[in-house]
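Going line by line, the protein sequences match chains A and B.
Numbers 1 to 363, taken from this note's numbering, label the letters of the first sequence in order.
Numbers 1001 to 1283, taken from this note's numbering, label the letters of the second sequence in order.
The set of hints was computed from the structure by calculation and includes no laboratory data.
Backbone N, C-alpha and C fix where the C-beta goes; we use that ideal spot for every residue, glycine too.
Treat the hints with caution; some may be incorrect.
Partial pick of chain B residues on the chain A-facing surface, computed with a CB cut under 10 angstroms [as the list claims (entries may be wrong)]:
#, residue
1, W1030
2, G1166
3, K1169
4, K1173
5, G1183
6, P1185
7, R1186
8, F1268
9, V1270
10, E1271
Residue-level listing of the chains:
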Amino acid sequence: MARVAMRGLNKKYDEVHAVIDVNLEIRDQEFVVLVGPSGCGKTTTLRMVAGLESITGGQITIDEKVVNELPPMDRDIAMVFQNYALYPHMTVYDNMAFGLKMRKFARPEINRRVQEAADILGIRELLKRKPRQLSGGQRQRVALGRAIVRHPQVFLFDEPLSNLDAKLRVQMRVELKKLHERLGTTAIYVTHDQVEAMTLGDRVVVMRDGRVQQVGDPMELYNQPANRFVAGFIGSPAMNFVPVRIAAQNGSLWAESESLRIKVPAPIAPRLGPYAGKQATLGVRPEDLRIANGADTKDLSFDVAIEVVERLGSEILLDVAAGPTTMVASVEPNVTAKVHERVALAINPDRMHFFDMQTEDAI
Amino acid sequence: MIEGAKWRRWVFFYVPVTAFVVGLLFPFYWMIITTIRPDRELYRPWSAPNYAPFWTTHPTLEHIRNLLTETLFSTWMLNTMFISLAATAISLFCGLLAGYALSRLKFPYAGLIGTAIFITYLVPQTLLFIPLADIIRNFKLGDSPWALILTYPTFLIPFCTWLLMGYFKSIPKELEECARIDGAPRWKAMVYIIFPVAIPGILSAGIFAFTLSWNEFIYALVFLSSPEQKTVPVGVTSELVRGDVFFWGELMAGALLGSIPVAFVYSFFVEYYVSGITGSVKG
């Protein structure tokens, strides 16, 4: 069990500045997920914590001890790799026992720990097999087993589920979560999948181009994205963005574009005040749009043309065109909408987001 | 396989393949048939009655017996075996370490050093033997097996290094990283994880190195002079060709027996060898 802290962490390759000024405090027993598109520096950050990459600038501490110069073996961590990295010439048992043997554990203790880990993961009957005789999911379990037998201070996961098929991925995700609750070991998990990030993380760190964009618990990222990138990255289908002009009229603010005119709700109007007469980006999630009915005020709805209807069972996704901008709306499954039909969509006024055009920061 | 009409398959596949196979195997057949052909058949003119150039009616083992009793052939075999094994062992050891370092460690001028090693492999032996002869004489190693054991690595080490470098690069680096996180220092990760996984590559490098040393001719010809120090290729060609007299039966018997160890090594490890050359490791 340990705290992990990164202070002013930087990584420069010859031409690429892969990680820029990352500051992060990971609490004891916390499950933190680093998420972002490929090339955002999340894996590099993880590898620096593991000691597999040298640190260009800044400091990493594990349990208050600076580990910058410590080789991987002395950091008391365990890592699970995307391709599992099982030793192909060893049996499952030997794969799991390798780390303990290297650390000169006594034979009975090795045996006890391997059996215990095998029980937790349900792979007791696989212990005598070689990795190539295992399925993807089984290999994944062995890789996990190899990490947990050592009882390390920190688990590092580098996209461990991305080689599994979709169904197995969901299943393993749940098991990982259970495993973490059972063991309580501090974990850092890297993924490019925002659903994995949201479901697994106690806190999620969104990264982009080497910089941390936002750190927060999943609902915080979803409800209060710090900038347009986080807003677009978290949530599926992604948030709709509409370029608008903020106009002051009759004592209230309006977000206007060619095809819509929405009254800015009173609670966020003060923050938008300085933008009066300027451009901004309106962000609204598909699930915060619905088909307007008679009770809806004109101030919060706009007309669109339906282009595609995607029936998902639990919901219907409407791909709509509002003038030049296309949007997605997630509506109730009982809505009877047809392609080419014109309907009015209403916005949930409590869940509108505005972003600065230049900085892309949330307003 | 070529699709389409039958004649196309014959013209573009079966006929060329048969021609190749026959062309390649014929010298071996000739070697075997000459070995067991009695002298009176070997040296009779083309116009003799009952002339049968491609088979023999009176097979004999006399040439093999002569070779083993009248010449130093068994000594040459032992010499060649010792020299080849020692040179291969030295080259594999150096090639393993160099190949690993060049493919995995980051150090200044790694690429340059790799290229330099490769260039030494490109210098033809027919030129290199001149300076090497001088060095061998200065070290007073002439006419001893060590003259060859120490000079063969000049072309075997670059060869092994490059072959193994390629193989090490095909092994996912996560395997080693995982071992290092698991608590193994680099040399243990190398010995316990990388080398066992690289066995096909190491075997192919070893087989190649062994074959090259076994067949090597020019250094053996230049550096060794007394008959009891010679290797098979040199011994057979120098001792069984006296002036313009060719002892064809013994020559071919020597060639046949001399190629058996190499053929044996190849057939024994052929599976490893193929996967070593095509190189692929799955984690």
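* Asked: Can you list which hints this structure breaks, lowest number first?
  -> 1, 2, 3, 8, 9, 10
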